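Produce the complete structure using the sequences and hints provided.
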Amino acid sequence: MNATLETESSPVHAPASHRFGPANTLLMLGRRELWEHRGLWIAPLVVAGVMIAMCIVAILYTHPDLRGAVDLNWFTADQRAAAFTAAGWTLSSPLFLVAYIVIFFYLCDCLYAERKDRSILFWKSLPVSDELTVAAKFLIAAVAVPLGVYVLAAVTSLAFVSFWNLFVTLGGAPQLRVWDGAAWLLAEWQQLLLVILTSLWYAPIYAYLMLISAWVRRSLYLWVTLPPALAPLIEWLTFRTHYVWDFLLYRCFGIWHIAGLEQLVNGHAHGAHPVFRNPHFAAAFSNVDLWLGVLAALALLYAAARIRRYRDDTT
Amino acid sequence: MTAVVEARGLAKSYGPTRALDGVSFTVEQGRIVGLIGPNGAGKTSALKAILGLTPFEGALTVLGLDPRSQRDALMQEVCFMADVAVLPRWLRVAQALEFVAGVHPRFDRTVAAGFLARTDIRMDSRVGQLSKGMVTQLHLALILAIDARFLVLDEPTLGLDLLYRRQFYDTLLNDYFNKERTILLTTHQVEEVEQLFTDVIFINRGHIALSASVEELGERYVQLTVSADAAPRARELKPFYEREVFGRTAMFFEGRTPGELAPLGDTRTPSIADLFVARMQGVSQP
Chain P
1 MNATLETESS
11 PVHAPASHRF
21 GPANTLLMLG
31 RRELWEHRGL
41 WIAPLVVAGV
51 MIAMCIVAIL
61 YTHPDLRGAV
71 DLNWFTADQR
81 AAAFTAAGWT
91 LSSPLFLVAY
101 IVIFFYLCDC
111 LYAERKDRSI
121 LFWKSLPVSD
131 ELTVAAKFLI
141 AAVAVPLGVY
151 VLAAVTSLAF
161 VSFWNLFVTL
171 GGAPQLRVWD
181 GAAWLLAEWQ
191 QLLLVILTSL
201 WYAPIYAYLM
211 LISAWVRRSL
221 YLWVTLPPAL
231 APLIEWLTFR
241 THYVWDFLLY
251 RCFGIWHIAG
261 LEQLVNGHAH
271 GAHPVFRNPH
281 FAAAFSNVDL
291 WLGVLAALAL
301 LYAAARIRRY
311 RDDTT
Chain X
1 MTAVVEARGL
11 AKSYGPTRAL
21 DGVSFTVEQG
31 RIVGLIGPNG
41 AGKTSALKAI
51 LGLTPFEGAL
61 TVLGLDPRSQ
71 RDALMQEVCF
81 MADVAVLPRW
91 LRVAQALEFV
101 AGVHPRFDRT
111 VAAGFLARTD
121 IRMDSRVGQL
131 SKGMVTQLHL
141 ALILAIDARF
151 LVLDEPTLGL
161 DLLYRRQFYD
171 TLLNDYFNKE
181 RTILLTTHQV
191 EEVEQLFTDV
201 IFINRGHIAL
211 SASVEELGER
221 YVQLTVSADA
231 APRARELKPF
241 YEREVFGRTA
251 MFFEGRTPGE
261 LAPLGDTRTP
271 SIADLFVARM
281 QGVSQP
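Same order as they appear, the protein sequences are chains P and X.
Counting from 1, one number per residue, gives the positions in the first sequence under this note's numbering.
Counting from 1, one number per residue, gives the positions in the second sequence under this note's numbering.
Treat the hints as calculated values from the structure; they're not laboratory data.
Some clues are possibly wrong.
Unchecked claim - Here are some chain P residues pointing at chain X (derived, C-beta under 10 Å):
#	residue
1	L29
2	E36
3	E114
4	D130
5	R251
6	R309
As the structure is a computational prediction, the values presented were derived from the model and not from experiment.
For each residue, glycine too, the CB sits at the ideal point set by N, CA and C.
What follows is the structure, given as structure tokens:
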């Protein structure tokens with residue numbers, strides 16, 4: 001078929017057919033999601049803006065004694081890396097927290113709202129497959145927004161460092177070392193890996209939310225919470241066991257375990273703790289459960305697309 | 001002529017209800033077909049089956065494709081517009097154009113923009129800010145700009161005022177319709193659009209009550225209006241439906257010529273609306 005197309009169509013038309021390939025359609029679908037769910041990018045931007053504003057205010061209105069300020073020259077390279085990682089994670093945590101909350105609501109809403117306002121009849125009047133639509137929505141939640149927030153966090157941290165640097169210079173202590181490019185890059189690299197790991201680990205939960213979103217007719221949030229709440233209860237009442245509960249806990253918090261970050265979560269970590277220098281990324285990315293989860297996510301996404309294909313509740 | 005839609009034994013159930021009970025019909029290319037029936041007759045089920053929006057039983061091809069397995073290919077050639085208000089409220093006019101341009105290979109943005117320029121719709125408006133009539137204009141602009149072979153309209157002017165309705169159908173006929181294109185339309189306002197149709201399909205309780213071209217209707221049906229004294233004689237010729245109109249009786253005949261009825265009163269070709277009412281009541285009577 002491609003051969004006939006190429007021989008028949010003029011060169012002018014050749015790029016046009018390329019323009020409507022799956023990749024470009026996916027990109028268009030993704031932009032559509034960001035038009036509709038503006039909270040996905042506005043919320044993190046607002047948080048970043050507030051954080052930078054607070055930083056400026058703090059620098060302008062407080063006068064810490066720079067004689068006691070931290071000088072990076074006191075530390076070893078390892079310790080500097082750990083310090084940058086700790087600072088980076090602390091600074092970016094409000095951004096990611098807000099982003100993942102918005103992502104949660106987005107995932108619940110994304111295949112439900114279009115049926116509720118009947119706009120699905122418009123989207124389905126266009127030559128876009130359900131699989132591609134579902135894929136676009138998933139990729140927005142699991143790839144585009146987390147990576148966008150990651151970049152935003154990096155920019156925010158650079159802004160913080162710049163302000164601090166300026167403050168230190170203007171404050172009459174230019175000899176203080178406040179910046180270590182290598183440590184910063186290492187911290188950012190680890191954070192990127194953690195963002196990717198998070199998306200992979202939580203992919204089945206994302207896909208589960210999308211499946212519910214594609215399936216429910218009403219009481220969306222009731223249906224989102226009911227199965228994970230009832231299943232362990234029923235199991236316990238019936239068999240007096242708690243495998244489902246353990247499994248759910250593992251899928252929710254196991255990421256810290258596979259990445260070797262439990263100490264961080266348990267609150268035992270401090271600035272130069274080895275946990276910041278050495279998350280177990282190699283082990284985490286080769287974890288079987290991680291990839292089994294990704295497979296489960298693919299199956300759930302496929303089910304969501306099938307449901308969207310024939311769900312017939314727009315009369 | 002080529003068949004755009006070919007349905008054989010098309011059936012669709014919702015639980016125990018048979019929305020479509022094994023209907024067969026054909027839509028030929030270059031026609032404007034009115035799918036007419038009371039509420040719950042199966043119109044929307046038939047359209048949804050044609051558009052691949054719902055599973056069904058029976059054989060159905062649309063433009064030679066199976067709507068079940070080849071929906072994505074089909075939607076390149078088919079356009080459809082469910083009743084107004086399916087454009088999401090958050091969408092901006094410019095975004096609507098950009099999105100359709102981004103996913104539909106047959107969409108010509110300049111055509112849509114040109115049509116919108118003739119309306120009061122602004123590019124930066126959101127759908128939620130537009131009146132119902134303007135939303136329909138916007139949707140129509142998108143559809144006119146898609147070079148599709150088959151257009152399906154489900155109550156496209158429901159809830160619009162007369163001016164918008166008239167404009168809608170004028171635009172459809174003048175700017176869109178041609179011999180390569182086919183339109184399938186359901187509407188409640190039969191009187192208003194009956195000059196538009198080349199063919200009608202009456203559907204009732206999941207069955208096809210009548211399927212014919214407008215020319216065939218003229219050949220097959222005669223409406224005779226008689227005064228009270230001529231009514232008994234006319235009744236002997238077995239009209240299938242009659243009703244009182246200003247003290248006279250309008251009778252509807254099938255298979256009689258105007259020539260044999262003319263001596264009894266005034267004859268004419270019944271309007272589609274009258275015929276529809278007549279057929280629907282005829283069906284419900286034993």
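Can you give the numbers of the hints that this structure goes against, from lowest to highest?
5
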